[in-house]
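Protein chains in written order, with our numbering: chain A, 1 to 285; chain B, 1 to 285; chain C, 1 to 285; chain D, 1 to 285; chain E, 1 to 285; chain F, 1 to 285.
For the record, the hints were derived by calculation from the structure and aren't laboratory data.
No experiment lies behind these values; they were computed from the predicted model shown.
Hints may be right or wrong, so weigh each one.
No distinction is drawn between identical chains; accordingly, a pair holds when it is met within one copy or between any pair of copies.
The calculated EDC-like cross-link candidates involving lysine to aspartate or glutamate, where the alpha carbons are at most 20 angstroms apart (straight line), are [claimed, not checked]:
{"#": "1", "residue 1": "91", "residue 2": "36"}
{"#": "2", "residue 1": "262", "residue 2": "107"}
{"#": "3", "residue 1": "82", "residue 2": "194"}
{"#": "4", "residue 1": "82", "residue 2": "132"}
{"#": "5", "residue 1": "262", "residue 2": "202"}
{"#": "6", "residue 1": "82", "residue 2": "216"}
{"#": "7", "residue 1": "82", "residue 2": "34"}
{"#": "8", "residue 1": "91", "residue 2": "132"}
There are 6 protein chains.
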Amino acid sequence: MPRLSEVITALDALWPAERAESWDAVGTVVGEPDQEVSRVLFAVDPVQETVDEAVGLGADLLVTHHPLYLRGTTTVAASTFKGRVVHTLIKNDIALHVAHTNADTADPGVSDALAGALDLNVVRPLVPDPSDPEGRRGLGRVCELTHPLTVRELAARAAERLPATAQGIRVAGDPEATVRTVAVSGGSGDSLFDHVRAAGVDAFLTADLRHHPVSEARAHNPLALLDAAHWATEWPWCELGAAQLDEISDRHGWDLRVHVSKTVTDPWTAHVASAPTSSAMGAPN
Amino acid sequence: MPRLSEVITALDALWPAERAESWDAVGTVVGEPDQEVSRVLFAVDPVQETVDEAVGLGADLLVTHHPLYLRGTTTVAASTFKGRVVHTLIKNDIALHVAHTNADTADPGVSDALAGALDLNVVRPLVPDPSDPEGRRGLGRVCELTHPLTVRELAARAAERLPATAQGIRVAGDPEATVRTVAVSGGSGDSLFDHVRAAGVDAFLTADLRHHPVSEARAHNPLALLDAAHWATEWPWCELGAAQLDEISDRHGWDLRVHVSKTVTDPWTAHVASAPTSSAMGAPN
Amino acid sequence: MPRLSEVITALDALWPAERAESWDAVGTVVGEPDQEVSRVLFAVDPVQETVDEAVGLGADLLVTHHPLYLRGTTTVAASTFKGRVVHTLIKNDIALHVAHTNADTADPGVSDALAGALDLNVVRPLVPDPSDPEGRRGLGRVCELTHPLTVRELAARAAERLPATAQGIRVAGDPEATVRTVAVSGGSGDSLFDHVRAAGVDAFLTADLRHHPVSEARAHNPLALLDAAHWATEWPWCELGAAQLDEISDRHGWDLRVHVSKTVTDPWTAHVASAPTSSAMGAPN
Amino acid sequence: MPRLSEVITALDALWPAERAESWDAVGTVVGEPDQEVSRVLFAVDPVQETVDEAVGLGADLLVTHHPLYLRGTTTVAASTFKGRVVHTLIKNDIALHVAHTNADTADPGVSDALAGALDLNVVRPLVPDPSDPEGRRGLGRVCELTHPLTVRELAARAAERLPATAQGIRVAGDPEATVRTVAVSGGSGDSLFDHVRAAGVDAFLTADLRHHPVSEARAHNPLALLDAAHWATEWPWCELGAAQLDEISDRHGWDLRVHVSKTVTDPWTAHVASAPTSSAMGAPN
Amino acid sequence: MPRLSEVITALDALWPAERAESWDAVGTVVGEPDQEVSRVLFAVDPVQETVDEAVGLGADLLVTHHPLYLRGTTTVAASTFKGRVVHTLIKNDIALHVAHTNADTADPGVSDALAGALDLNVVRPLVPDPSDPEGRRGLGRVCELTHPLTVRELAARAAERLPATAQGIRVAGDPEATVRTVAVSGGSGDSLFDHVRAAGVDAFLTADLRHHPVSEARAHNPLALLDAAHWATEWPWCELGAAQLDEISDRHGWDLRVHVSKTVTDPWTAHVASAPTSSAMGAPN
Amino acid sequence: MPRLSEVITALDALWPAERAESWDAVGTVVGEPDQEVSRVLFAVDPVQETVDEAVGLGADLLVTHHPLYLRGTTTVAASTFKGRVVHTLIKNDIALHVAHTNADTADPGVSDALAGALDLNVVRPLVPDPSDPEGRRGLGRVCELTHPLTVRELAARAAERLPATAQGIRVAGDPEATVRTVAVSGGSGDSLFDHVRAAGVDAFLTADLRHHPVSEARAHNPLALLDAAHWATEWPWCELGAAQLDEISDRHGWDLRVHVSKTVTDPWTAHVASAPTSSAMGAPN
């Protein structure tokens, strides 16, 4: 059975810490280098729910995409919800390892998993990593559809193929417009509009899009926008990561049990559609 | 018929420029002080669609909540979409006046209109303006429901009473929890969580809520969150502002025709719900 | 007749926007890409006087050296004098295009025109642009006189050859010193003293020189300084620019009428010399 | 005969160091507290010329308005011109004391002396010092003329009453406009335009005015501007300061000999007017 | 037996978190609010040695003066020495609470304990806390000696009364000078020289003094400086804090066992005096 | 006899100013370029004591390692202790030249002299200067011992070989540990721990080490730390520098008398060891 330090070395080889953004907080957050690891759980969010799932599963290592302390903390007291996560992990001898922007840009990375879930053919990174001579690593992916779809059909495929969430998929632009090329980026994508426009794609699927960036993007050009739940766009990476670790485990004869969290940590729990004859002023345009 | 400078003086009395946030960009953006005004259009967004509506209506003055140039510009060339707005306004002798954070905190202001649209009884500002001795001005409103509702029922009321949008209302928290007190804030509200928690309300209705702030808010305490479309939470203020200007016009004998834009400038045009049996992993928790 | 976008493409080829300083604000400020252009006016300052001249002239495009909004604006309301300029331009279908620090460093640029007006032989840029392999572009010019002149004679030539202004030419240093080499830089030049000293010239002609920089420069070494009116040092570029556009127009068969503004927008309107026996304390040293 | 520390205490009472701007560098720059003082020289600039004058005069203390090291130095080596000033002072046992923005705002201060030289009746400070309950201290002065003058006549009075300089007086605005009220501020005044406009005066006399601030001020409103030589606007303060120290000396029985520098350290040494028929384009507007 | 939250409430009453400096990191760092507390250990440093001592002692709560994470951390992995401290604490159900600059300025606080250990009579805070109407709180203490001592005698008393360290006490200034008044400040004190000079004391005892601040302080005035080991100057506060908690425990009937760490965490382990006839150049001056 | 400018040229060749850190303040601080130099004194600190020594010696040039005004000054008034140094130097025609971080990194530099004094064999710079193709220049030195010593023995050698100071040598770590490799850096070295750890040496000798950096360094790994007096670690460079100037003088036939200051300007004047049975709590660990 491998020690934590050995498993971490393998994870670091998949997602090297030095490839994370300077503002990021990746790597091992909790855990003793010499503790033994037999069961691993992959999840998007390091929250009490996924930690409790890890405890229930008897996991020794929880690997998440989101950092626990992005902006640094001076306390892990259990009176804070993040401190309670640390206490639960240490008390149950569960290590926590984070792969965030280093996993976003990896090859394959978060947006490769997202593209795969949507049956999209990856062409190139949306924002290539200048340090990669082969131009495969980078943030987001520019993709082609095998067969053109309307925006509505692409949204329906996303709603069907991504983990179900209360939010579903929001669409901006003509639902009947044709889509042949699409850029995808897991997580918050409203800082990437310049790159998306430069890529000249028909549509852009990402998460956490807000009023002003979307309105201005639409005013710039008729690019269709699809907004899925942040968690749902990054959950596919958990399956990818688990599969990668499985393969490493087999190669090393570690006999690891690698699981993917079934807990939906997307915060939205319900959705109420606008009534078509809302008393205010009329149906959406 | 009043000159633009007289109408602006009246609008400034309702929403004094000095009460806007230091980062904001309120006041008259386009227009000649001496041009005559007979027809006014209120809208949320100063975009080509509402400007074209103003041209079609023969308006002389467009009053919007959102600024045209929040971060300052060195060009109004028509090759930029905002420049085209400026050219359309000037060529058609239409002035543009903005009331943004000075209207947010006004008494009555944007969140009063939002509370009114939802039949909520305003108790106090969520973030009182320290310069107001009477404590009525400020950002957001803390409200009470005449009769308790479940979170789902409150969401349904919002979906029904606010202008219809493709997004509808997203809910985080237990849909069946009871709501007696609710904080509301028009527009992007994810910087107000500390104030909302301090107010001790059961629910918070605002817009543009993203994954991390919502997840962390939910981890803090079981506060229910309702996310409506940014535009829909601020449209009710247009009706309020138009009514206020109507009343001023009568008082001055200006005989102004004051309209409220019917153009839905919320960018979301369609919504596709997650399939309950989405192939990924199962229904929302 | 060419469309504005075609003429702008030509102007951008002369003075590429990317060669402007990062703090600058060059390019098209007002105008519709498809509007037709037959008459163009060159001026230094985008002020009401030159805009009224453009209206009177029936110009379709005003090209100026100084930007209209160097520091960005959130309003173009006609209640502001710059807003009135924008309203006058748009109402009279006159576009505005700015070429500022990109014209300063161009080859030929503002200081070439200034050197030409003074019969000076350009040797090299005072501050070479590192991105120019041929070392011809850059700020200011180091020049040689065909025949040596005294400082007083050089000042007299400047007063005679540059457009007349109330200010005339101020001189610091020994008026009878001999000048063989001179650095010139149109506009405010008091940030260039280190470069001027390094060039080892006998004199430096520029504008907007103030007490402390001049006193310290004089204390450093006996470099003669000639201060002409800011506007007057940059007006020769208008003639150069107009000639360059004329030539382009001929080449394209555009048949453009290209004019140079006759309006003196130097703000100084009068000059009163010190009385030789001023009651205070005596004649200048 | 008083020691330096005693004379400095008296000067600090006139111009307390704590009333200088935070960016300023006032107080004693060179000198031994116990050295005896019998002869004092007042000057505007601490330059080699005024220091040599002090040596020739046998002065023990040089008091100047301008600081020697405004931005701090790490060397006083004589290879630098300011270092040579320090070496000359110390070798000749001459102390140096600076009263700059603390003298600007004093009551009486630099602008009182300037107003006095121009026969103007001081009404109030242009920028009152909030820490002065009596509202007499502050930057610049708002003045009234005993009898109205045209702008040209006021400029002629300034040229006649202020120490003669090669620059003379530059005027912006209608030379024939009538002046009843005028704001004056010794030294560089182009940061005070907002205050001057708020004061509603007919004219503003100061120094070091440059193209853009003057053009924009003139575009704002028809305020006449008079630009004298920086040194000339501050030299009257030397007479005021010398008189004040004389009076203190008498009171203490110090028998000080107090002189005012006759050295014109305004850097401009000659002026050449524009030829009325300058070959370029015509007389000034 | 009290829960941790109750003990923390008592400690917060002694050293309120809001009285810490804004850059500080005080309060509970590890621990579950509901865990029971019967045994408490006070120490200066939250390092592996004191944590091991707490484990050996069966403590439930470790209270330290120095924060564990002053600048915030994004990981508590046991591969880092601070992370190993967190893991040891949580695995052994030991809470960690920090009272740092809020204990420095408390009344009584760190410097009161230091003064007490040295038999000094506290007169007032060296840097009074403006928010304390009674003027008793603040950083450092100004003290009087009951009987004057020479600097050497005071140093000997400090060496004798403070916990023994390899460093002992360094002295700057005349060892035979007389001391009647002394300022003391536990921990690094080289930012307090201005306050110490203003207090006009004969000597200043603190820690972590470096060459340049000491040389410049000595050049300013003949103030004697005594430099003890950082840890030794703050260890007396552990005794004071333990006694205060004991008293609170008695009052609440908590029956707490409160201990003070015996582990010397001063890092210096040996000291070698300069040989009087060191081959370099001679005995100290 | 050489002029000051010639000697400075020679010193600049040894320690080029451009190789100093950007925050540093090296070069000639006082002196007239043409003054003659026959006698030179080297010292660490430009303080009154070494300046008085220079006056007593009849020196013409004082060369120090520490700058006089590191952060720039706006006054050299003799009422300040640094101003008194300037007055004494100028009155006695003594120049002052500083070689600080440019001497630290020179080859040979400050840490070479320190290593030499301790009989250590220099291997390479601790922090190589990237601009040195030969990799010999840089901050600090990594050294080897000819024969291994215990930490205590190395500390004893330092106490014996470096100029005697009241402080002596402080040691952190096991005094009996064996040392084969040691990094040395004259002056304050607590910013170099990362480099020292990366060099993998057994011990690090420097100065001005404080509690927190030393405690954390020790927690990182068992690296032994030796803290000598700041002045003592830099005094050996004076001998090195004097020898280098002697050699230059012979080469130029200048016949310079070059001295090394005997004044100990280390501020510590006495040391009192902790009593082994200090009443507080026991002997050091």
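* Asked: Can you list which hints this structure breaks, lowest number first?
  -> Of the numbered hints, 2, 4, 5, 8 do not hold.
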